[in-house]
Amino acid sequence: MSQTTDWLDERLGVAKGGRKLVNKIFPDHWSFMLGEIALYSFIVLLFTGVFLTLFFVPSSHEIIYHGSYAPLRGQKVSEAYASTLNISFNVRAGLVMRQMHHWAANVFIAAIVVHMLRIFFTGAFRKPREMNWVVGVLLMILAIVNGFLGYSLPDDLISGTGIRIAFSIVLSVPVVGSYLAFLLFGGNFPGDSIIPRFYTIHVLLVPGIIIGLLAAHLGMMVRQKHTQFPGKGKTNRNVVGIAAWPAYAFQAGGFFFLTAGVLAALGGLVQINPIWLYGQYIPYKVSYAVQPDWYMGWLDGALRLMPSWETVMFGHMIPTVFFPAVLLPGVTFTILAMWPFIERKWTKDDSIHNLLERPRDNPKRTALGAAVLSFYVVLFFASSTDVLANSFNTSLNFVLWSFRILVFVVPPIVWYFTFHLCKETSGVYNAGKRKRALVINLSASGEYSTVETEPYFEKEEEEIVELPEEVAFHSGVTEHKETANELMFATSHSSANMKTSPTDDIGPLRSGGTGIFRIPRNVPGGGATGMGSRKRRPGKSEE
Amino acid sequence: MHRSLKAAGSVLNKPIFTSLAVGATVGAIGLAAFSGGAAASAQPATNPQAPIVYKAPPSNLAAEGNSIFQENCASCHGSQAEGSARGPNLQGLGAATIDFWVSTGRMPLADPTVQAIQKPSRFNRQQTLALDSYVASLAPGGVAIPDVNLPSADLARGAALFSTNCAACHTITGAGDALASNVYAPSLKPVDATQIAEAIRTGPANMPRFGPGTLTNQQVADIVSYVEYLHHPNDAGGIALGHVGPVTEGFIGIFVGLGVLMLAGFWIGGRAK
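Residue numbers (the numbering used here), protein chains in the order written: chain A, 167 to 709; chain B, 30 to 302.
Take the hints with a grain of salt, since some may be wrong.
Taking CB as the label site, the calculated pair distances span [claimed, not checked]:
{"#": "1", "chain 1": "A", "residue 1": "Glu476", "chain 2": "B", "residue 2": "Thr193", "range": "31 to 37 Å"}
{"#": "2", "chain 1": "A", "residue 1": "Val188", "chain 2": "B", "residue 2": "Arg300", "range": "56 to 62 Å"}
{"#": "3", "chain 1": "B", "residue 1": "Arg154", "chain 2": "A", "residue 2": "Phe213", "range": "54 to 60 Å"}
{"#": "4", "chain 1": "B", "residue 1": "Gly271", "chain 2": "A", "residue 2": "Met386", "range": "41 to 47 Å"}
{"#": "5", "chain 1": "B", "residue 1": "Val285", "chain 2": "A", "residue 2": "Asp527", "range": "29 to 35 Å"}
{"#": "6", "chain 1": "B", "residue 1": "Val285", "chain 2": "A", "residue 2": "Phe221", "range": "24 to 30 Å"}
{"#": "7", "chain 1": "B", "residue 1": "Gly121", "chain 2": "A", "residue 2": "Glu228", "range": "43 to 49 Å"}
{"#": "8", "chain 1": "B", "residue 1": "Ala85", "chain 2": "A", "residue 2": "Val576", "range": "57 to 63 Å"}
{"#": "9", "chain 1": "B", "residue 1": "Arg300", "chain 2": "A", "residue 2": "His586", "range": "53 to 59 Å"}
{"#": "10", "chain 1": "A", "residue 1": "Pro362", "chain 2": "B", "residue 2": "Arg154", "range": "19 to 25 Å"}
Just so you know, the hints here were simulated from the structure itself, not pulled from any lab data.
Positions of the beta carbon are idealized from the N, C-alpha and C atoms, including for glycine.
So that you can see chain B by itself, here it is in the shape it has in the complex (with noise of 0.2 Å):
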């Protein structure tokens, strides 16, 4: 065989020509499946109804919520929520603080010690308004259950003032964050209506209150609205990466971007001989 023959044969076997294909596929594949920037769905009509109606948990479940909590939350809390060395006092607290701490799952709680985190509740809803019910007839006060008329909220206004109040500690996308001291502001992806809104009424753990004099019933709402959206946003463009922002970005454009692009370099270039 002649020489020069040859020798253009061995460079033409590199894949330069395959990567011009795989390179005009790989980019046909990206542009293809771009959907587009689709709109967000407009807003629903306005209700006339109340935007936060307060319901006291029903009363015949006292006695019910009684036998649980002796089982569950007396060793700390005491027989009568009175509080010991190991747990505060909940009399007067209200329904709703008991509803947020025991239907996130933070209560009963494994170690008074650390920040209690939301896990699987371990009563059903009944069981849980019993205990809500019960701590609530030891004492007046608090607030009541709220139950949020989500059609009547404004999500534009929810998301002015969720930017403004909860941000600056749950991240503007509401992923959470690590804030300092073993303190952290959990993420707001698995909590319902009904929890935003008590913590935003009863301010749990290091969160603040916000009153009626902060925010009004509408406001709430309107923030929980915002909330509720979080959970599905609008994720217009592709893989969500954790909405966590530059972080993650960085790292998939560095070991996908140019990690994919120097294998190609490494396939379609010469190696050391």
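With the rest of the complex left out, here is chain A (with noise of 0.2 Å):
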């Protein structure tokens, strides 16, 4: 192993970097994970995009079906929908991965609204933070993009009434809409360059710049490093945490499996999208029924919801289409694209963030947030009239009605309850702590007394000694590399048993691989400094 590695790194000065990298530190909190699944759902959308790329034809030429389904057997069929057909009933795994792309799609694309949420509800966007931010939502809007795309792949009825859709909304966008759906399309509606147009898309050009943007993503969270939740021993100036190897690789990893685990399952349990039974997408058809995958749900539900009026603007009709479809996504993205600026400019805060907001600690924020996540969860229900109208047994237009309704009076409510229960919770004492258990006395006088217990895990806690950096940023003095060295020398060495070497060129080494390790931030403009030191106890070493 360590020839290896040195061999690399004589010649490609590996080690600096690599240490850099393994020593890296994760927060331990659950909630960082959420990115996690998006990567690891993405990572099974590419593994199992490439072999379903093996058998699918991106083809609208028609041909005559043969194939081992009995019920289309000489029906016309395009060879996208033919090949579809063959993946799912010839090809040996065929379905199974099939089932699992599309799985992986939809957990997919949730993860990253949860992972979106998290960084939203607890302020992680803050300076110096916004480039990322601006970065996910780009990933997300690309994502909700390749998704429809690959749903529209199959060429099956239920998809192809989609597509018509996208068709239409292109269409009533006023002045360009006829010349920008041409020139997506190549043609009028059906036209035979929608399918090879939209694999080229969605295999190639989507995926390409999603990858790039995942690495400047992540190459920015590296260089920046994690934000934390605010606790003992936590400051703006450092990170508390795991490190990269061996505690957080593993940990990963299992997640990694975790996530392939239950995409696999779905894929092998649980049907999704039986294009068979569907048929294939012939104009004049149209199945009853018919919504768009879940991440779609919401511009459904804003069509469905809006009435038809017609607009006239300068002279020209605007389409009603037109304003739930192409103007609530575009406000929608730009809004959430831009809100960090958009939120600095009304707190004026220019200071740096790496500490995180407890939710109930902003209110304000909080609550604009659910109102208006609320907003787009009514509308997403909305996308489902019919099929709620059916299981319920009653009528379209009242629930139709309802959530025209809803979709305005919900988000005020939900804004006053969460601006309160925030008010409320964050005024109560250790309110989000673990409970702990209450002694009661009985005194010889008789009267009761209750005495919190200690909590079993500050017994282990480990003694919170200012780093270095940490100390000459609460003094006001402007850090050097010198300086820096000397002190983390002075506290590295508290340890006999730690073998630190401060004088090693690539920087002081780590005794240990695991435990929970504070390391100081690099700060912008002040250079890297990237060195790891544990702190325990002054003399519990010696026990």
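Bring the two chains, given one by one in their own frames, into a single complex with the hints.
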């Protein structure tokens, strides 16, 4: 092992960067793993997607189906549809791969959304991470677009209806709509270039951009280091957590296998998109109960709720679909991407935030976020008006009008309750902490009193010693590398057993691989130190 | 005990290694349980017999039918099925119409202001035929009870005709759906071959009537065979989620897929202290 690394180091100089990477500290909190679900789902998407490209034929060319699915034999189908049937029924493990791919896409975007909610509600997007937030929003848009394109590729009746709607939406853009639609779809609907074009965009263009942006997303995260929740020993100037190797690597590796396992289980056990039951898409045919995949649901819901008003502007009629299907997502994603800047304008806060906010500690943002979220959740549910009406044996019109009212009524109510709930909980002593047991004492005079027991984990807690950088930060001293190294040496040799070597020309070694570490954070403009220092209670190691 | 060992132990106590094993096992179960896409069975050989034979109900049951009608139907439809303010005239509608409404349990009806719902029929087969016979005997006209010769039907042609003529309301999987203002297209799952053909030929309630000029007997038989197929379609790929498309799939994806993974993350990751 060391021979190999030496060999590599002598030629490529991997030790310096490698050590930095191996010593990267990850704050240990479960909510930081939501983005990982998205990342691992994306890896599953890549692997299953490559498998599917081996058998999928991206062509609208019509052939007579002679495959193994009897109810469609002799029908005219496109090669895209026939090859999807072939993947489902004849290719070994083809259907499980197709279903894993589809489930992974659904989970991928769901994980992106909850990851984004975590970032939003804890204020992790604040300075210096605004750029990474914008990259994340772009990633989410691309994921949704690619999901829609992939859903459309089998050329079945349900997805074909979706493309038809998408075509009309593009057409509805004032002035440039018809040019734009013909440019994207290669002519009027349906044409024969939709499937091959969507295929190229789906397997090449968008995944390429996603991988590039993902690299930027993760690169910025490594460069800026993680945010962390406030807590004992956690300051704006350090990162407390587990090291990349081996503790985090095993945790993340295990989580990758869990994600892949859950997706494989869903792909193998639960049917998704049985396109053989839907049949080939033919423009004059339509099925009822047509919904897009869940991540497009809010757009479909908005289309359903929009009354058929005719708006005339500058002497031209703006088609009704323009407002819910073009304007709404445009405004949504613009405001979402610009949010860090909007909030900064509002709070006039120009300081660097590496410590997260508990959502309850910022009631204004939390309430606003919850209200806006509830607006989109109502739109999302509105996309299944017909299925809801049918399941609950009620009138479709009643359900539709209920949603038209709810979409305006629910957000203010959610805002009010969230705001006051945050206000209440932020004032409660020990809110969000683990409950401690109370010992009830009866005094000789018959008086009762309660005493809180010590929390069990605090007995194990290590003593908090300020890192030199933190001390320097607090005293307002401009740090420079020499001071940092001296002070680092002073604190890190407190343990006799620790073989720390700060004189190593690529930085000090850390003695152990596992445990909780605190490392100083590189400050923008201040130069990176990247050195590890393990804190322990003085004298404890001599036991 | 040495502190660093203790610290190492506390991290290794976390279920990260267990999670590796659990992940592998869950994945293996998913893959192993997957049976692969079994091809649908080949279509049966065609039979030279007529695709649909229309049979009048036995006329000797008309007397029995009369007494059942007076007990159960006459209060709304009148004693001679001539209709009243509460129910329409049934004379000349034919045996198939009566057979469909009674055998699917839609008649007798509790509330004439809402769409009749399918429920277990109040009458057995002979009583139903007796009613059919009685009403058909009152006036000529309408369609007799169709008997579909399923072996002569072509499943693939039926699938194409179904997606053109039926899917727009009943959905492409036959699951049914709400239409507008309390009107809905019912699910096609609980109906038998005769009832499907009756519905096509007579057009009950809001459903359009498909006469012989629109669909030939052969085409009706083809559609019936496809609807029968939809009762137990090829559900390769695992648990079918009600055949209502992405609505249920989305819920499973979010709550089972992401939900399980979030719980797993909560299990592996650290919590607030």
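Contradicted hints - numbers only:
Going through the list in order, the structure violates hints 2, 9 and 10 and respects the others.
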